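Asks: Sequence:
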Amino acid sequence: MRVTTAPASQGGAADDGADAEPVLLYCPSQLVLRAGLAANALMEGIHGPLAELLIPEEQRDKHQERIDQVKARDGSIRVHTRASTWGIPFSWFSLFMESDHKDVVEAAGRILTVRVWASITDALERARYAVANLALAAPDLDMLDDLAQLTEWLEQFHVESMVELDYGAVADKVYPDESPMDIRLGIECLAEGDMTGAAAAYRRLASRWIPIRQLARAS
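Taking this note's numbering, the leading residue of the sequence shown gets 940, the next gets one more, and so forth.
If you are wondering where the hints come from, they were derived from the structure by calculation, not from laboratory data.
Mixed in with the good hints, there may be bad ones.
Said to hold, decoys possible - Derived DEER-like restraints, expressed as beta-carbon distance ranges:
(1) Ile994 <-> Arg1156: 18 to 28 angstroms
(2) Ala990 <-> Pro1028: 35 to 45 angstroms
(3) Ala1074 <-> Ala1139: 14 to 24 angstroms
(4) Gly1132 <-> Arg1049: 23 to 33 angstroms
(5) Leu1154 <-> Gly1132: 31 to 41 angstroms
(6) Ala1139 <-> Ser1038: 19 to 29 angstroms
Quick caveat, the model's predicted, so the values are computed rather than measured.
Every residue gets a Cβ at the ideal spot worked out from N, C-alpha and C, and that includes glycine.
Model the full assembly from the supplied sequences, consistent with the hints where possible.
Replies: Here you go:
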């Protein structure tokens, strides 16, 4: 559970809300709902004795009951948090820019995490821009489907919401990170038909993130 203050506007020109009090934003942990959905996702690919060993049927039923209770109470099972292990999906970087507010958390000379914020209106505008350009320039790209799903997810939330990207433990291995810029440049190059530029942007992303994803298989 985390209550965060909306980052102050960063820019030379003041707007009408420059002197307003900071607004506290709340992101529910939804631990019960996310645990139930994660259990269901795990069971989709596992059957037989192994499934019973990992999550007994009785516990699966209880998870489903909790999910049904949340849906009955809230009218939906909208999840506020998305998580990824051993890396960050490239599509997520399309929501952010280098100028967005960042919070670097350090201790004992080590980066513990980096958090990046963007308003949901900015994030949606960027996601829709990416979807529109990829749909024309690279309709078979897997990231297009990811971006479409991400856009649909963001559209469920209030227009004054903030989107936060938390790097977690991988921050110490990649920060300072230029992935948002590389994603943006890659999409722009594809839209302009510049395959060389797009390939260069992808190589920078791959050289940064593939070694981290390979840690998932390290002993």
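Asks: Each hint should be assessed against the structure and marked as holding or not.
Replies: Hint check:
no. : hint                                    : in the structure
1   : Ile994 <-> Arg1156: 18 to 28 angstroms  : holds (24 angstroms)
2   : Ala990 <-> Pro1028: 35 to 45 angstroms  : violated (27 angstroms)
3   : Ala1074 <-> Ala1139: 14 to 24 angstroms : holds (22 angstroms)
4   : Gly1132 <-> Arg1049: 23 to 33 angstroms : violated (43 angstroms)
5   : Leu1154 <-> Gly1132: 31 to 41 angstroms : holds (36 angstroms)
6   : Ala1139 <-> Ser1038: 19 to 29 angstroms : holds (22 angstroms)
Of the numbered hints listed earlier, those contradicted by the structure are 2 and 4.
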